[in-house]
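**Q** Taken in order, these protein sequences are the chains called V and Z. By the numbering used here, the letter at position 195 of the first sequence is numbered 195, and the numbering carries on one by one without gaps. The number in the numbering used here is simply the position in the second sequence, starting from 1, with 1000 added.
None of these hints come from the bench; they were simulated from the model. Please note that a few of the clues may not be correct.
[As the list claims (entries may be wrong)] Here are some of the chain Z residues that sit facing chain V, going by a computed Cβ distance under 8 Å:
#	residue
1	Arg1182
2	Leu1185
3	Arg1196
4	Asp1207
5	Gly1208
6	Leu1213
7	Tyr1242
8	His1250
9	Gly1286
10	Gly1289
11	Trp1296
12	Pro1298
13	Ala1301
14	Ala1302
15	Val1303
16	Pro1306
[What the hints assert, rightly or not] If you want a taste of the chain Z side facing chain V, the calculated C-beta under 7 Å gives, among others:
#	residue
17	Pro1025
18	Pro1183
19	Thr1203
20	Phe1291
21	Gly1292
[Said to hold, decoys possible] Which chain V residues stay away from chain Z? Per the calculated CB distances, all over 12 Å, these:
#	residue
22	Val10
23	Glu41
24	Arg76
25	Arg323
26	Arg328
27	Leu339
28	Gly340
For glycine and all other residues, C-beta sits at the position ideal for the given N, C-alpha and C.
Protein chains: 2
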Amino acid sequence: MNPRRALGLVFDGERLTVLDQRRLPTEERWLPAETPEAMREHIHCLAVRGAPLIGVAAALSLGHYARGGPRPEAFRAAAARLRSARPTAVNLMHAVDRMLRAFGDGDTEAAGREAEAIFDEDVALCEAMARHGAALLGDGDGVLTHCNSGALATAGVGTALGVVRRAWEDGKRLHVYVDETRPLLQGARLTAWELRRLGIPYTLQTDGMAALLLRAGRVKRVLVGADRVARNGDFANKVGTYGLAVQCAHHGVPFHPVAPWSTVDLAVPSGEHIPIEDRAPDEVRGASGAFGTVRWAPEDAAVFNPSFDVTPASLVTSLVLDRGVYSREALLAGVLGTLGG
Amino acid sequence: MNPRRALGLVFDGERLTVLDQRRLPTEERWLPAETPEAMREHIHCLAVRGAPLIGVAAALSLGHYARGGPRPEAFRAAAARLRSARPTAVNLMHAVDRMLRAFGDGDTEAAGREAEAIFDEDVALCEAMARHGAALLGDGDGVLTHCNSGALATAGVGTALGVVRRAWEDGKRLHVYVDETRPLLQGARLTAWELRRLGIPYTLQTDGMAALLLRAGRVKRVLVGADRVARNGDFANKVGTYGLAVQCAHHGVPFHPVAPWSTVDLAVPSGEHIPIEDRAPDEVRGASGAFGTVRWAPEDAAVFNPSFDVTPASLVTSLVLDRGVYSREALLAGVLGTLGG
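Isolated chain V, as found in the complex (with noise of 0.2 Å):
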């Protein structure tokens, strides 16, 4: 396996690391993340997130493994806990299948081809769908987006805010509303420290303020990722989205997921069928990171805590995927059924 290197994930060619996700931007902690044991702790514990992410590194993580020729047994071991690391994503499932089927009984250096690949891949997917969404935006465009769907999200430049960058870099002024993303603040940590590093002018925002800013006219579009894509073309992403999108219908503002194709699961009809992770409580009676631990509520307050929502296709302008822009129209019709595998 040659070294591979993404903004929250490093293969050197030797060592496989992480960036810890949970101490930006306040800190830039690598991890070793030497076993697909301790690579499923990262993505459990969400040092390592974002869907796209999560799939490349559960591939490296396994591919790392196979060079010390595990038994067959033993590493289907791994990939099985790796694969349960996290339920709604469905990337992960998909890039631990695929190494899978590579490694075989026990084929190390085909295991490696296929990390190398699923990395590769996903790299060329931010940049497919990059190019097909920044041609929805246009000169001084206000743009607002939720949690994190950038670089740290992918091996590549994100997913919608991928979109985002390319259409800066193609001389597009832009101004990207951030929301905060309660409760683990995506948005206020990663968002904002991608948008500061990429030089990118942004506005940070409660969630609940974001309906203000689309009823002053204020953004134009509204980008956002996906952590699984029903065939139907409902969508799982950070909780918070679906009320995002019932704001966009209301005002009228165009509604675009970004998505490569290894986050679309044909096998699940629509988005009732997705598999929604509930965290634990402390997350919102208060905040931690490297900024430190709080609790502001009471401490026995009974908490509602689902790590995502799902959007209907009804409330999507047009998904962007890696293999064009899908509108609404054409996903109700059910075509992602017939793009294939």
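Once you have looked at the hints, place chain Z on chain V.
**A** Leaving out everything else, chain Z in the frame of chain V:
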């Protein structure tokens, strides 16, 4: 001036003190408010908050000040300073103007009586709102609320949360879904604290999760307070309220602001004329309270931080006033203007 006692404000016959709401629920710290200037600072920094309570607090502060026999020009200057402590809630302006009229050229006794009257009227207004509003709630209902509109926000049982309390005390089983209400977390800190004291079951969620609860049918009605109601029924309330009203319209969930007559400003024809306070960027870059001060966003992040937003009457199912319940149709037909002073 005789003793008066509210959940967040006590005049014991000699000393005027306020509960520091910034430090709840971590700590119950009482602050002296011996001068109008001290009270102005408490209101400005949100130690004392809630549209009705800041009006009552200003009145008691001026009533207390009047006992010392200040010169009329000093009294008027103190009143003017208090009046400008926060720009959106009209209760503050109403209360200060009443105190100025009562004190006139130095009538200490009249000022004391007026302060008592303003306090007692607020208690009675809360009772009347609670009675009218409770009739809207049925046994087993889920109710969602934003920010804090309970006893902490008034001299009495509260506005929207007072309605919940009355219905609960009437024997209706209720479950309250509490928006945490970023950035200042009045829901997570104050509403949760009040509901816990009252023994009313509640669940805390981030603001972006409310849409999911509405879609799931877990919320029968949404009740919120108001900081200023315009003549046409548009109203300002804590930022995030407007987006919640849009969600209610989309999901067919009835949406009710609950406010005392002292919150209505007939001089303001519609919502776009209500002044909206912008607050400091650091409120959005992190969080601060007795639990500590943390910053999770880049320290130079540009921020959008209006303290309030305006919801148009067209999104209101009915407005619960102390005088009765007024439907959207009645509001749009101008009923508030006909109710007079």
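**Q** Can the hint on Tyr1242(Z) be confirmed by a CB-to-CB distance to chain V that is less than 8 Å?
**A** Nearest chain V Cβ about 5 Å off; hint holds.
**Q** Can you verify the interface hint for Thr1203(Z): is its Cβ closer than 7 Å to any Cβ in chain V?
**A** 5 Å, holds
**Q** Is the hint on Gly1208(Z) kept, meaning its closest Cβ partner in chain V is under 8 Å away?
**A** 3 Å, holds
**Q** Are Asp1207(Z) and chain V close enough, Cβ to Cβ, to be under 8 Å, as the hint says?
**A** 4 Å, holds
**Q** For the restraint on Val1303(Z), tell me whether the closest CB of chain V is nearer than 8 Å.
**A** With a closest approach of 5 Å, the Val1303(Z) hint holds.
**Q** Close enough to count: is the Cβ of Arg1196(Z) nearer than 8 Å to one in chain V?
**A** 5 Å, holds
**Q** Less than 8 Å between beta-carbons is the criterion; does Ala1302(Z) satisfy it with respect to chain V?
**A** Holds. Min distance 5 Å.
**Q** Tell me if Ala1301(Z) is really an interface residue toward chain V, meaning its C-beta lies closer than 8 Å to one of theirs.
**A** At about 5 Å, which falls below the 8 Å cut-off, the nearest Cβ of chain V leaves the hint on Ala1301(Z) intact, so it holds.
**Q** Less than 8 Å between beta-carbons is the criterion; does Gly1286(Z) satisfy it with respect to chain V?
**A** Constraint on Gly1286(Z) satisfied, holds at 7 Å.
**Q** Does the nearest C-beta of chain V fall within a distance shorter than 8 Å of the C-beta of Pro1306(Z)?
**A** 7 Å, holds
**Q** Quick one: work out the minimum CB distance from Leu339(V) to chain Z and report holds if it exceeds 12 Å, violated otherwise.
**A** Nearest chain Z Cβ is 29 Å from Leu339(V), so the label holds.
**Q** At a threshold of 8 Å, is the proposed contact between His1250(Z) and chain V supported by beta-carbon distances?
**A** With a minimum Cβ separation of about 5 Å from chain V (threshold 8 Å), the hint on His1250(Z) holds.
Of the numbered hints given earlier, the model fails none.
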